[in-house]
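Undergrad: Below, each chain spelled out in residue letters.
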Amino acid sequence: MQDQQLALVSHKLSKNFVSYKKPPGLVASLRSLFVREALVKSAVDSFDVEIPKGQIVGLLGPNGAGKTTLMKMWTGIIVPTSGHVEVLGHQPYQRSEQYRRKISLVMGQKSQLWWDIPAMDSFELLQRYYEVPSAKFKDRIAELSELLAVKDLLHVHVRKLSLGERMKLELMASLLHEPEILFLDEPTIGLDIVAQQKIREFIRKYHDQRQLTILLTSHYMADVEALCERLVLILAGKKRFDGTVEQFQGLLGKKRFVKFRFSEPLPENIQFSDYDPQWGPERRTVDLRIDEADLRTVAGQILKDYPVMDFQTEPMPIERVMHRLLEDPQLLSGADS
Amino acid sequence: MSPSRAGFGIELAKWFQTMRVAWSVQLEYRLNFFLLVIGPSFVFFLVRYSLWTSIYSGRSEEVIGGYGRGDMLTYQVWVLIVALLAKTYNGMDLAQDIRLGRVSKYLIYPFGFLKFHFASFLAFQWIQVIVATITIGLMMAVSLLPEPVVSSLLAGTALTLLVGLLWYAMQLFLAMFSFWLDEVWALRVIMYNVVALLSGALVPLELFPAWAMNVLDWTPFPYMTSLPVKFFMGQQPVTLEPFLVLLGWITVSFVLARLVWSRGLRMYTAAGM
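In the order they appear, the protein sequences are chains A and B. Oh and the first sequence: position 39 is 39 in the numbering used here, straight run, nothing missing. Oh and the second sequence: position 267 is 267 in the numbering used here, straight run, nothing missing.
Keep in mind that the hints were calculated from the coordinates and are not lab data. Quick caveat, the model's predicted, so the values are computed rather than measured. Heads up, a few of these hints could be off.
Unchecked claim - Partner residues are not named here, just some residues of chain B that face chain A (Cβ under 10 Å, in silico):
| hint | residue |
| --- | --- |
| 1 | Phe8 |
| 2 | Ile10 |
| 3 | Trp15 |
| 4 | Glu28 |
| 5 | Tyr29 |
| 6 | Leu114 |
| 7 | Arg263 |
| 8 | Gly264 |
| 9 | Thr269 |
Unchecked claim - With a cut-off of at most 20 Å between alpha-carbon atoms, the simulated SDA-like pairs for lysine to any residue come out as follows:
| hint | chain 1 | residue 1 | chain 2 | residue 2 |
| --- | --- | --- | --- | --- |
| 10 | B | Lys14 | A | Glu178 |
| 11 | B | Lys14 | A | Lys259 |
| 12 | A | Lys110 | B | Ala13 |
| 13 | B | Lys105 | A | Leu331 |
All C-beta atoms in this analysis are idealised placements derived from N, C-alpha and C, irrespective of residue type, glycine included.
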């Protein structure tokens with residue numbers, strides 16, 4: 001029996017995909033109807049995770065790492081090959097009606113709304129499917145359309161909306177029945193920066209109000225940085241990191257990220273090569289990675305020796321950590337648990 | 001379905017709302033509907049009608065396969081009505097939903113894929129009834145149809161609606177192969193043509209050799225055009241038998257479709273597509 005406080009538990013969860021080699025040529029094709037060579041690809045491998053109720057967790061990883069496969073196993077769309085999975089006390093792959101009422105899935109790449117009709121028509125259909133009482137439905141529509149600023153879009157045909165507008169309505173559709181857990185698979189993919197920010201703000205606000213559990217996958221580190229208290233990294237089907245965003249940023253050692261701006265271009269012979277420099281245009285700016293312990297001395301020296309106009313310091317952006325990790329997965333060996 | 005009355009009402013509301021969405025979508029694509037659904041039926045009707053008119057021209061007293069000129073032309077009009085009432089086109093949407101992986105959405109909603117499409121089919125049937133009624137009225141207005149006997153009209157309509165159900169079940173069965181095949185479009189075209197030929201939609205089955213008619217009696221085809229037309233024309237005494245035979249074929253088709261569906265779904269939920 002799972003702990004009442006846990007929303008989602010996976011234990012040694014694995015998924016293999018079997019495909020068959022298709023040889024070229026008609027004869028070979030016919031022969032392959034009887035004798036086929038199976039190719040087994042492990043998409044998710046022994047994945048352990050426990051997610052408490054109310055947490056927002058970001059699932060990070062490059063394309064093909066297994067993020068979407070995990071999402072599909074958690075929502076019940078695909079059946080695991082082995083291992084244990086339990087979400088809100090249900091086995092998702094049994095797809096019981098009670099389970100379906102408690103969850104929601106938004107996929108940035110696939111529309112859940114019916115394309116040819118206004119969103120409101122889809123909402124009314126979902127109202128019936130999820131058996132939301134009329135009064136409550138009206139309240140939900142009023143509340144969500146206010147939060148998302150989409151009041152004017154409810155009666156426009158979905159196919160005529162911009163991607164950002166559509167995504168807001170997709171989110172709205174997914175929340176009408178007040179799910180206990182929300183799965184967001186790349187909710188900001190393809191959106192411009194402003195639209196991304198708006199979606200993020202909404203998710204943040206909605207979570208603050210409702211304290212539902214949210215699982216989010218994204219390519220955009222900004223999503224994860226802005227929303228997630230916890231970050232799970234998956235590489236080639238395996239969990240490689242599970243911790244807070246700060247811990248993740250600390251993976252490359254206790255370094256700070258410092259940006260200097262100079263009043264005039266620095267000469268070529270100045271390199272800062274100990275600090276992984278990234279020079280800006282005309283050598284007027286430079287980004288350095290400096291050990292926290294040395295920050296005062298090194299920064300002080302630079303301020304003294306060069307014409308610094310201003311400087312700012314921040315923790316390592318996830319983007320840069322990810323980049324380094326993908327280049328050199330060895331860095332994770334210390335973080336494996 | 002829940003056994004209580006309230007549960008039944010809630011379930012009914014889900015079906016009705018799904019049908020409303022299907023109507024909205026049809027209305028959105030009304031030009032498509034006319035071009036793809038109604039248009040071809042009328043064009044084929046005109047072709048058949050002028051073909052038979054020219055076959056009988058100059059020999060208006062001749063009887064072919066038991067049909068005089070007037071009867072043959074009336075037969076062709078009723079073939080059109082049966083096609084308008086019974087032929088469904090949901091197979092395309094079904095196949096596309098499977099091929100594009102939209103099944104996922106129905107695995108998450110508490111209203112299944114098969115239910116959704118069946119409700120859409122029912123919605124479509126209503127539109128067909130309206131179109132067929134208007135057509136019957138028009139055909140009578142231009143004297144291409146004699147005034148039908150009410151009992152024949154009712155019996156013919158009832159049987160034709162069952163034929164619609166059989167069409168749907170057959171399309172469902174074919175669409176299910178989209179789990180494995182990239183395109184089931186060709187299979188569907190073959191099915192349309194085979195049914196047109198063997199059901200008596202092109203020429204009355206009486207023109208077929210006797211042995212062929214005997215063989216056809218063991219298939220669902222004569223029930224799909226020939227028999228409903230005869231019901232409409234009052235040429236066939238109304239008995240329960242054709243209804244039962246059709247129900248049998250409908251059951252067989254649904255069971256087969258269901259089998260392929262569960263195999264396909266097992267693969268889908270194994271591979272995700």
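Undergrad: Next, verify each hint and record whether it holds.
TA: Checked hints:
1. Phe8: Violated: closest Cβ of chain A sits about 13 Å from Phe8(B), beyond 10 Å.
2. Ile10: Given a least distance of 6 Å, the restraint on Ile10(B) holds.
3. Trp15: 9 Å, holds
4. Glu28: 5 Å, holds
5. Tyr29: With Cβ-Cβ at 7 Å, under 10 Å, it holds.
6. Leu114: 14 Å, violated
7. Arg263: It is violated, given that the least Cβ distance between Arg263(B) and chain A is near 14 Å, above 10 Å.
8. Gly264: 14 Å, violated
9. Thr269: 5 Å, holds
10. Lys14(B) - Glu178(A): 19 Å, holds
11. Lys14(B) - Lys259(A): Violated, at about 58 Å.
12. Lys110(A) - Ala13(B): Violated, at roughly 27 Å.
13. Lys105(B) - Leu331(A): It is violated: about 39 Å lies between the C-alpha atoms, which goes past 20 Å.
In this structure, the hints that do not hold are numbers 1, 6, 7, 8, 11, 12, 13, in rising order.
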